[in-house]
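Q: Sequence:
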Amino acid sequence: MIVTSKNRTIPLSIPVGFFFLGEGFLLAFALLFALHPEALAVLTVVFLVAPILVVLFLAVDLLVEDLPGAGVHLDLLAADD
11 MIVTSKNRTI PLSIPVGFFF LGEGFLLAFA LLFALHPEAL AVLTVVFLVA
61 PILVVLFLAV DLLVEDLPGA GVHLDLLAAD D
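Sequential numbering from 11 applies to the sequence shown in the working numbering.
Be a bit skeptical, because a hint or two may be false.
Listed next, with one range per pair, are the computed distances between beta-carbon atoms [unchecked claim]:
| no. | residue 1 | residue 2 | range |
| --- | --- | --- | --- |
| 1 | Leu53 | Phe29 | 39 to 47 Å |
| 2 | Arg18 | Leu72 | 40 to 48 Å |
| 3 | Leu50 | Thr14 | 37 to 45 Å |
| 4 | Phe57 | Phe30 | 18 to 26 Å |
| 5 | Leu41 | Val13 | 34 to 42 Å |
| 6 | Leu31 | Leu58 | 44 to 52 Å |
| 7 | Val59 | Val13 | 42 to 50 Å |
| 8 | Phe30 | Val56 | 22 to 30 Å |
Because the hints were derived from the structure by calculation, they are not lab data.
Just so you know, even glycine gets a beta-carbon here, dropped at the ideal spot from N, CA and C.
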């Protein structure tokens with residue numbers, strides 16, 4: 011048992027279970043990369059390149075919004091002529 015400063019108790023099996031769960035994921039990824047090294051390239055693109063592209067897209071979107079004339083194309087599309 012783990013006792014917190016507010017006299018709450020946490021069964022020791024909960025943190026130990028998270029430890030073994032994390033170790034299981036680590037071993038699964040190690041086995042994946044040992045059997046399929048190309049998976050590392052795929053995960054690199056998914057977890058590294060894709061978030062960078064999302065951040066760049068959002069930054070450009072914010073910059074374009076502040077430019078004069080931004081949103082004109084939306085006004086033209088909404089016109090009922």
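Q: Using the C-beta atoms of Leu41 and Val13, is the stated range 34 to 42 Å upheld?
A: Holds: the Cβ-Cβ distance is about 38 Å, inside 34 to 42 Å.
Q: Go ahead and decide if the range 40 to 48 Å is satisfied by the Cβ distance of Arg18 to Leu72.
A: 44 Å, holds
Q: Just tell me: holds or violated, for the beta carbon distance of Val59 and Val13 against 42 to 50 Å?
A: Holds: the Cβ-Cβ distance is about 45 Å, inside 42 to 50 Å.
Q: Quick one: are Leu31 and Leu58 within 44 to 52 Å, going by C-beta?
A: About 24 Å separates the Cβ atoms of Leu31 and Leu58, which means 44 to 52 Å is violated.
Q: Has the hinted range 18 to 26 Å been met by the Cβ atoms of Phe57 and Phe30?
A: Hint holds: Cβ distance 24 Å, inside 18 to 26 Å.
Q: Look at the Cβ atoms of Leu53 and Phe29 and judge whether their distance stays inside 39 to 47 Å.
A: 23 Å, violated
Q: The hint says 22 to 30 Å between Phe30 and Val56; measuring C-beta to C-beta, is that right?
A: 26 Å, holds
Q: Just to be sure I understand the hint, the distance between the Cβ atoms of Leu50 and Thr14 should be within 37 to 45 Å; is that true here?
A: Holds, since Leu50 and Thr14 (Cβ atoms, about 40 Å apart) stay within the stated range.
Violated hints, in rising order: 1, 6; the structure is consistent with all others.
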